[in-house]
Amino acid sequence: MTTTADPRGVLTGTHFIDGDHACCEGALAAGARFASGYPITPSTEVVERFAARIPTVGGVFIQMEDELAASITLQGAVWGGAKAFTVTSGPGFSLMMEHIGYAIMTETPCVFVDVQRGGPSTGLPTMPAQGDMMQARWGSHGDYEIIALAPNSPQECFDLTVRAFNLSEKYRVPVMFMMDECVGHMTEKVVIPPAEEIEIVPRRMTEKSREEYLMYHPEDDMVPEIVKAGDGYRFHVTGLTHNEKGYPSMTVKTQDKLITRLKDKIHNAVDDISINEETDIEGADVVVVAYGITSRVAMRAMQMVKDRGYKLGHRKLKVGMYRLITPWPFPDARVRAIAEQIRGFVVPELNLGQMVGEVERASRGLAKVISVPHAGGTVHDPEQIVEAILEAAR
Amino acid sequence: MTELAILDNPTEQFLRTDRMPHIWCPGCGIGTTVNCFTRALLDSKADLNKVSVVSGIGCSGRVAGYLNLDSFHTTHGRAIPFATGLKLARPDLSVVVYSGDGDLFAIGGNHFIHAARRNVDLKVICVNNLVYAMTGGQTAPTTPSESTTSTSPYGTFEPSFNLPQLAEAAGAVYVARWTTFHVRQLAKSMQEIFAKKGFAFIEVLSPCPTLYQRRNKMGDGMEAMKFYKEKSKRKDGVPTAEVGLTRDGEIPVGKFVDRERPDYETLMKDHYRRTMGDRYVETGAILCQ
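If you read the sequences in order, they're chains A and B. Numbered according to our numbering, the first sequence spans residues 1 to 394. Numbered according to our numbering, the second sequence spans residues 1001 to 1289.
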């Protein structure tokens, strides 16, 4: 059940733009006509472009007084019927956590873009890191599942932003768009296809009457249909634990039913949500698991291994890559299946080891898992990854 | 046998009766303000399908849940930015923010001044019970000096906010204060802001017998009414700098500010028309596919 993009927002053509600008174009192509933001390096270019573009497309950009405001203003717009997003980086992402929880609890479809920089605290404002991966998953209080995407090029910043909006509508969940400073500020060719070639998942507006409609009654895929303000439904939205009518119901039973559904609607749909890229996995001895800018450094390391002709016994050492395009929900089953066939995983990240814990958990000791940590500020030296590959092969 | 005539309460249609009884304590003034609000809805002949109510967190934050309108119970302090997003996406809706003093002026204070500065077309009703009631009666930025609260067992010494002055200074186009004793005046004021475009603000002084009155030996809800009646003085149009509240002193009430300033949407659209000309694509409601 999809449609195609509204051509007014689609800048069809071949462009030479950076990842931040490509993300903005992806949002416009996806139908976002509302953004609330607060300036923070290295993400600001996304909303700067949106501020310039949106009056020519039809919509609103508002710069709010802080990230607390930015992260809830967009949700007001969504309940009015708009597609909306916000953009930030580390410190702002920290401030937005409560409202990510609100979007999860109220099942508000929206997108949070985080262009990651070095942290904690003010850290390295202009330099790259991938230190918010666990915060994206666990940063708000309570139990939940989210969806996160991690592009590794400006082209993917466009393509995957469209996908982020589509997933948020399909599953009624905030989608975390986990860029990093390198990908955000890297300028490359970006091809924006004609509007009719861009698939859009429409909002799941109910067609039921006010009497028939139950605000949080799940459909077969555990996702309820939505309404917007002003249509006579007289509905109630609350961050409190609520029953299917949307009314507060703070009982153990309601809590269990609601929170379990919020988790399962994402967890059980991992095969639909998760797209990840596999390169030379078949017959590989070692598989590098990487995402974002680090996946591109890892590709260089793999090429170095190939060029140098390292041997494993009498044959050439074979190295594959599993690129996480969808870090969350984590592709447990696939990582476990790969673990059964290889000697070891190598997990380079611009943090001191975040997604590597997931790889370890999913592989259940079936393969070695070697972390290649980096505190951020620049990318890895590919030599560090080569060394880890050789260690994993031993 | 005599049949009892069951009279319909004319304001019942505005309430979610399936959510009654409500959570508010005996003597609490929040319900009184809601009654005035429903009267204002009735008298203003508002299209109820086009009125949204947004609340934050706290006792007054529960108002949204009892009104039979599109209603949003948001996060602590963030009712105003949520309402800003809703209003900017849907200029066709009347958007009311209904919340408490702690919510709007402590954790949400920054949003209040910025929404007033922008003159977003919101109707903001603040039920001021002088404390954080939901959490047990802690000191709020509105608690008058020398009051006892659960976190000021020896009395408060911090100066408190003068809300009408703050609202006026930040840019509100309509500023009034009433108490829950002034039910007719309050209902009329609420009706007036439905006809007002821009950031309109009403402060309603409301008793919290359980946590403020009791700790300060000020009696129950009825005693509060007597206190409001005795201490309040109608002062329409006086400078808002002169209407600050003290623990036992005079309570200036009335309409202090009623002025015209272009609201955010008007400013935005006029500006883009002027600076961008034909390139500007003007929109009404922003609705996705």
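Everything labelled a hint here was simulated from the structure, so no lab data went into it. Values in this document were obtained by computation on a predicted structure and should not be read as measured data. Careful: at least some of the hints might be erroneous.
Short derived list, chain B residues pointing at chain A, Cβ under 8 Å [said to hold, decoys possible]:
| no. | residue |
| --- | --- |
| 1 | Asn-1049 |
| 2 | Gly-1085 |
| 3 | Ala-1089 |
| 4 | Met-1222 |
| 5 | Tyr-1272 |
For glycine and all other residues, C-beta sits at the position ideal for the given N, C-alpha and C.
Status of each hint after checking the structure:
Interface restraint check: B:Asn-1049 against chain A, minimum CB-CB distance 4 Å, threshold 8 Å, status holds. Because the closest C-beta pair between B:Gly-1085 and chain A is about 3 Å apart, less than 8 Å, the hint holds. Checking B:Ala-1089 against chain A by beta carbon gives a least distance of about 4 Å; that is within 8 Å, so the hint holds. A cut of 8 Å between beta carbons decides the hint on B:Met-1222: the least distance to chain A is about 30 Å, and the hint is violated.
With 8 Å as the threshold, the beta carbon of B:Tyr-1272 comes within range of chain A, its nearest partner Cβ sitting at about 5 Å, so the hint holds.
Hint 4 from the earlier list is the only one contradicted by this structure; the remaining hints agree with it.
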